[in-house]
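*Asks:* Residue numbers (our numbering), protein chains in the order written: chain A, 1 to 981; chain B, 1001 to 1416; chain C, 2001 to 2092.
These are calculated hints, taken from the structure and not from any lab test. One should not assume that every hint holds.
Okay, the calculated bits of chain B under chain C, using three or more residues with CB under 8 Å as the criterion [claimed, not checked]: (1) 1051 to 1060; (2) 1078 to 1090; (3) 1247 to 1256.
Below are the EDC-like pairs computed for lysine to aspartate or glutamate, each with C-alpha atoms no more than 16 Å apart in a straight line [stated by the list, open to error]: (4) B/Lys-1229 with B/Asp-1384; (5) A/Lys-135 with B/Asp-1141; (6) A/Lys-277 with C/Asp-2012; (7) B/Lys-1097 with B/Asp-1286; (8) A/Lys-867 with A/Asp-704; (9) A/Lys-892 with A/Glu-949; (10) B/Lys-1029 with B/Glu-1205; (11) B/Lys-1210 with B/Glu-1388; (12) B/Lys-1097 with B/Asp-1141; (13) A/Lys-898 with A/Asp-944; (14) A/Lys-277 with C/Glu-2077; (15) A/Lys-143 with B/Glu-1388; (16) B/Lys-1229 with B/Asp-1033; (17) B/Lys-1007 with A/Asp-704; (18) A/Lys-498 with A/Glu-385; (19) A/Lys-130 with B/Asp-1349; (20) B/Lys-1266 with A/Glu-138; (21) B/Lys-1064 with A/Glu-525; (22) A/Lys-867 with C/Asp-2029; (23) A/Lys-135 with B/Glu-1100; (24) A/Lys-868 with C/Asp-2029; (25) A/Lys-130 with B/Asp-1105; (26) A/Lys-347 with A/Asp-363; (27) A/Lys-868 with C/Glu-2082; (28) A/Lys-963 with A/Glu-895; (29) B/Lys-1017 with A/Glu-519; (30) B/Lys-1407 with B/Glu-1244; (31) B/Lys-1169 with A/Glu-609; (32) B/Lys-1002 with A/Glu-519; (33) A/Lys-518 with B/Glu-1011; (34) A/Lys-892 with A/Asp-914; (35) A/Lys-676 with A/Asp-632.
Backbone N, C-alpha and C fix where the C-beta goes; we use that ideal spot for every residue, glycine too.
Each chain, letter by letter, is given below.
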Amino acid sequence: MTRLTGGLIDRNAPLNFTFNGKAYKGFQGDTLASALLANGVQLMGRSFKYHRPRGVFAAGSEEPNAMVELRTGARQEPNTRATVTELFDGLIARSQNHVGPLERDFMAVNDLLSPFFAAGFYYKTFMWPKVFWEKLYEPMIRKAAGLGSLSMLPDPDDYDKGFLHCDLLVVGGGAAGLAAALTAGRAGAEVVLADEDFALGGRLTMESDLLNEAAATDWIASVKAELESLPNVRIMTRTTVFGVYDHGIYGAVERVSDHLAVPGDKVRQTLWRITAKRAVLAAGATERHMPFADNDRPGVMLAGAMRAYANRWAASPVKRDSDAIAIFTNGDDGHRTAMDLIAKGAKVMGVIDAREAAPRFGDYDVYAGATVTGTKGRLGLTSIEITRNGRSQWHNVGALGVAGGWNPNVHLASHHRGRPVWDDNLLAFVPGPNGPQGLIPAGAAAGKGGTAEALTDGMTAAITALSEIGVTASEIALPQAENMPSEQVAFWHVPGKKRAWVDFQNDVTVKDIALAHKENMTPVEHLKRWTTLGMATDQGKTSNISALAVMAELTGKSIPETGTTIFRPPYTGVSLGVLGGGDTGPLFRPRRLTPTHGWAEAQGAEFVEVGPWMRAQYFPRAGETTWRETVDREVLAVRSGVGLCDVTTLGKVDVQGADAGEFLNRMYSNMMGTLKVGMVRYGLMLREDGHAYDDGTCARMAEDHYVVTTTTANAGLVYRQMEFAHQCLWPELDVQLISTTDAWAQIAVAGPKSRELLSRIVDEFDLSNEAFPFMACSELTICNGLRARLFRISFSGELAYEIAVPARYGHALMQRLMEQGADLGATPYGTEALAVLRIEKGHAAGAELNGQTTAQMLGLGKMVSAKKDSIGAVMSRREGMAADKRRLVGLKSIEPQKQAMAGSHLFTEGAVQDMSTDQGWLTSSCYSPHLNGYIALGFLENGDTRMGEIIVAANPVEGQTVKLEVVSAHFVDPEGGRLRA
Amino acid sequence: MKFSGFKVVKEALTGHKGWTQLWRNPEPKSAYDIVIVGGGGHGLATAYYLAKVYGELSIAVLEKGWIGSGNAGRNTTIIRSNYLLPGNQPFYEFSMKLWENLEQDTNFNSMVSQRSIINLIHSDGQRDAYRRRGNAMMLSDAGARLLSRDDIKRMVPFLNFDNARFPIKGGLMQTRAGTARHDGVVWGYARGADQRGVDIIQNCEVTGFKIENGKVLGVETSRGFIGAKKVGVSVAGSSGRVMEQAGMRLPIESHVLQAFVSEGLKPTIPGVITFGAGHFYVSQSDKGGLVFGGDIDGYNSYAQRGNLPVVEDVLEGGMALMPMIGRARLLRAWGGLVDMSMDGSPIIDKTGIEGLYFNGAWNYGGFKATPAAGYTFAHLLATDTPHETATAFRFDRFSRGYVIDEKGVGAQPNLH
Amino acid sequence: MLIPHPLLGLRDSQEFTYLGDASLMQRPDASAQNAEAEFCDYVFLRDNPAGEHRELWFHEQGDRSWLVVTRDTTTHEILGAELASDVKGAVK
C-alpha cells in the first residue's frame, strides 16, 4: 500500500474491487486509477502498436494510457479511462490490448520488431501478393489493432435526452468556474454549472493552495452550498460539455449512474442539449510532458497528476513507500509537486530542472541545467539517468513526474474552427479571437492559471457575459489567494538517439516525427495522419503541442508558423448509446396506427410497416396454411362479393377558398377547376422538374371546397408542396389548406355487393347508379346521424366506395359494416390483397411512381394539360423526357405458375443480356387468383406497341429467367363496366 | 524509389536513412499544359492518369491547403459499385476495377479492402427495388447477392433481429465492395504523379481565371499567375466558389455531411452495413474505429461542421440497428463540404469556356469514384471527348431532360 | 440551430424542414417565349453563395409557415427571418 495521509477520500467507506481478477480495496472518493496507485499498482495497460507496458500518466480525462475494460457481460465497457472512473463497490476492471497476462503480453514481440513498424510503414508494404491483403495481412492487422472489445451483446441500459435553457452556461467548476457561477447566480441569472468531475473545485481539489488561509475545500463547500440554495442555479457534476454547436447550443453528457454498480431504475447517461445565451469556458488546462529516451515506462507521469494523486487521493505513484520520486521540469511548476509530495511524507529524490538558474523552494535536491536521458524498469520505473553538462548518472527512483508546462483547454473555443493563437509568454496556445459567438474563455483555459487570477477572471467573464444580454452583475468578494510561481523556459524535448515517446497510446516517437519530416509529411495534418499522432483516444491532448514543437525544430520555424491544431467535438469520448438516446428498438420511430388497428388485431391480422404506419397485411382464417391462400381468398371476395379495407393512411388535404379550383389547377397536371360539385376526378401531380410525383383523387364537395387525397408515402410531402405553392408562389390566391389525414377514418367498401352493404348504413341517401354514379362524392349521415363523406371511387376495378367518418368512429364503422355485411360475405382485406387488386386493374402505385418515371411512361401523358400551366408541366416537355419510350404494360407469365419477380430486367427474346440491351424492368408482380396465374406490371421500351410479344424477364441475382407475354395493364375489366355498374 | 516489404526491412535494419520525400515541394512554373485545380483525391488521380495513361508531360496540381485536406480526408472510405441506373453503374464498376489494381499500379498500399457491403432490406417494396438494382449490378459485371434474413443473421448476428421497429427482411450484398484508406489513396496518387513529373503545389489558392475571347489562359493564384492551355477544376464542395470566378452558375449546392469514428475496438464489424430504414451506415477501420455516418445536415453550408440533431439521428439509427455498440464511444466527428447536385449524380464535362473543364457534383459519393473520376477526367482533358463510362455526366443533361436520379427525389439536393 | 420565427420567436431548427434558395419563389412565366430555358435555370441552377444566403424553411412541426431566412453559410449566423408570404407580397 502506498496510501498517503489526508486527501478527499472517505476512509470510513472502503470499497472492494478487482483488477485483472485480483482483489483490491479503495475508498469512496477514489478513482480506479488512484485506488490502483494506492495499492502499489503501476502497470495498467499496453500501448497500441508496440504493446509496451503502460501506467497511469494523468489524473483526468486526458489520460492516454490507463485504459481498461470496465464491468462484465453486456455492460462491458472498453477503453474506459481509469483516471475518471469513480470507484464503486464490486467494480470489475481488466486491462486490454494484450495476449496472455498483462505482465507477459505475447504481442510485446512487436516492440522488438519496432524498427520495421516506423511511421507510415503500412503504406509501403503488404502489396504482394495481391490476394494476401484481405486473406492474411489485413486480418492480422485488424486483430492486432483496436484496443478494448465490445461484448457484442445489446446494451442493456437506458439512456435519456434532456433540454436546458439558461442565461449563462459555465463549463468547468474550478476556481474560475465557481467564481463565474457565483457571480452570475447572485445576479439572478439562470445559470447552469457543468463539470466532468464528480466533485466541484477542479484543480483546487488537487492542489495544496490555501483560500482565505484555509483549505480550498472549505471555500468550495461554501460556494457549493450557496449555489445549491439559489433556485436559478443548476449544478451538474459528472457532466461533460463535449461540443459547441450553432447559436449557443451546447452538447453535454451527464453520467447519471456510471458511478454505480448498476443503474437500477435510473438511466445510465443523459444527453443534454443546453441552449445558453452566453457561456464561460472555464475548462482549465492540461499539463504536457517533455519527450526523452524511454520516457514511457509505468511510473513516469505528469508532475501535476502526481500532485493531484497525492493531494486529493492520498495516493503515491510508487509501488513501495520506500521508492523515491523524482521530478523533471522546465519551470517552477515541477517544484510545486516536489513540495507537495514532501509535505505528504513521500520520498523525493530531487528535481531535475532544465534551467541553469533553477530555484529551490524546499528541502530537496535540485539538478539545475540537467535533463533526464534514460530510464530502466521493464514493467515499472526503477531508475533514471540524469545528464548535466554531458555527464550522466543513474539514480534509483520508483516514479518520475514530468512538468513541461500547461496547455489551456482551448478545445471548445475552436469547435467553430476558429484557430487558437500562440502566446509567447505562456509558451502555449490560447483561445483565438474567432471562437464561437457568446463563449468567453476564463481562468486557466484562457491562460490565466494562477489561483488568484483565475478567480478574478472567472468573475469578470461572468460580468461581461451577462452585461451582453442586459443582466447587471456585481463583483463578488473573492477569497484571498495567491498565484504560485510559474516561470518556465521553452524546453520541449531531450534530444537523443533512443526512442522518446510523444504520443504514448499510439506509440509515436520523436524519431517518427523526424521520419515524417524527411518524407515531406510536414504539414501538421499530414504528420498526424502519417504517424497517427494525436489520433488516439486522448485526441492528442497530451501529445499535439510537443509534436508541433519537435516539428518546428526540424523545419527551423516557430511553433505557430509550423501550425496549430484545432479540435472538433467531442471534447472527450461520448458513448454511442447516449447519443442515440432512448429512441431505439421498437421506439426508434413512432408507430402510427390506423383507426381500425385494434379491431384488426382482434381479427388476428398480420401487420406490416408502411412508412410510419402499421397496416393490416392480411387476415388469416383458421385452416389457412399460407399467406397466399389468405390473400387469394380476400381478393376473390372483393371480386365476387364485398371487401373492407382501412385506407385511412392515404393522405387527405382539405382545400377551401374562392380560388381553390384555380389553385388545384396549378398543383395538378390535369384540370380540376372544371370539376362539377359532387364529383371526383383522378389527379396526377408532377414535380417541378417534370417527373411524375404523386397521384390521388380530388373531390369537389362544394364550389369552394375540395378534398384531395395523396398516396400514403407522400402524404406529408404533398401537403408541404401545396403549402409552398400557396405561401411562396401564389399567396394572392384565396385558398386555405389543412391536412386532415388523421381527422378522418376512411374505409374502402369494394365489390359487386358494396352498394347493397352501404345501403344498410346510410341515412336516407340514394345510392342508385343514377343518383350517385361512378366518381360521385357527397357528404351524408350514416348510422342515424353520424357525419360522413362518401366517394364512389375504385382502386380494385370493382363497384366500390370509400367512406370517411371522423377518426374516432373508424373502429365502430368497421364493426358495423362487418355486422351488416355478414350475410353478404363481407370480408376484411389487407395491403396484400389491395396490391393484387390494383395490379390486376393496372393502377400505378409506389413501385411505378418511384420518382424516376414520367406521366408518359405511366400512360398518363395526356393528363398533362397543355391548356394551362401547372407545376412541372413545362419541364415535362423537355427533349429527353419526350424521347423516353418506356411504357407501363401488363405482363403475363407464359407458364402461369411461374412468377417473374419484381425487379427483373426485361430483354427481347434471344438478345444478349447486359445494360446496353436492357429493355425495362418489372415494377410489381403477383399471383392473380382471378386469372389463375402470375401477372406483373413493368416499364418496357416502346411497350405500348408490343402487345402480344414474348419477352424475357431476367433476374440474374436470383438465377431466374421467366418468359412473359406483353398485354394491357388492365387485366380485369378493361372496359370499366364493373366500375360503373 | 520502389516501396516493398523488402525495402521496409532493409530500411529498418539500416536506421531508416534511405527514405526520401514522398513528393517534392516545387515552386510553380510560369505555365503548364494542364493545370488541375484541387489537390484532393480526384485532382491528384487526374494528374496521375494524365501523366501515366495519356502521356501528358506538363501538369500542375494546385491545392489551396495541404493535399487531401478536403473531402478526400473527410469521408467514410467506402468503395462500391452497386448503382442502379445505366448512366452510373458502368462508371462505378470501372472505378471498382481500378480500385482492385490500385496498389500494384501506384506502388503504394492504399489498403483497398474488399470486405463487402450489405444494404439491409426492411420491406417488400425495398426488396423489389434492390432486386432491380442487384440485377443491374449483375448485368454490368459488378456482382451482387440478394440475401435472406437468415443469411444476414448468419453473417452479422449482432444486428437487432428481435425487437426492431423496422424488422430486417434481407439485404443486397456486393462482396467486391469495401473500404480503402482515404489518406493512403491521396498519398499514393500524389507520389505516383510526382514521380511522373507532376508539380504538386500546396498552399496555392486559385483566386481567379484569366479568360480571353471565351478561352482560358491560366489561373490567378495566391502564388502568382500560372498560365495553362487547359484547366481542370476538381474542388468538390468549393465548386460553386471556384466556378463563380469563371462566371458560371452550377446545378450544385454545398452542404455539410458529418461523419464519425469511434474509439478503437477489437474486430467487431466485418464489412460495410447500411441501414435501410434509418440514416446510418457503418464499417470498421483497420485501426479498429467504427466509421459511420448518416444523412447530410440538410442546409446549405460552407462551414465544414454540422449540428447536434444529425449526430443524434445517426446514432438513433445506429443503436436501433446494432444495440451492441452502445458502450463504445464516439472519438471524433467531422463535417465535409459536399457538392450536392440536382439529381444526385456527378458532372465530368467541358464548360462553355474553351480550355476549362469541370469535375464535380459528387454529392457524398466522391471517394469511391476517385480512381474513375481521375481517369475519365484525364481522358476528357487529354482527348476532349468523354470517356465511354462517363458519357452521361454532362452539364446539359438537366436542360435536356436526361437526369440521372438514383433516388428519384428530383431537383432538391438535400434529398439525394 | 435556432430560427427566429417572426411570429413565434426563436425555434429549434429541428421543427423546420429546409428547402433551399429563396429564388425558388420566383417561378418563371410558363407562357413566356423562352419558358423552358427559364424553368431550367429556375429548377436546376443555384448561386450557392459562401456567405449570405436567403433560403426557405418550412415550420412543418409548428405553425406551417414558410419562412425566408437570411443566413451566412460560412458561419451559420442568422441575419433575419420573414414570412415567405410577406416577402412575396412585398415583391408583388
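*Asks:* Run the structure past the numbered hints and jot down the numbers of the failing ones, going up.
*Replies:* Violated: hints 1, 2, 5, 7, 8, 11, 13, 15, 17, 19, 27, 30, 34, 35.
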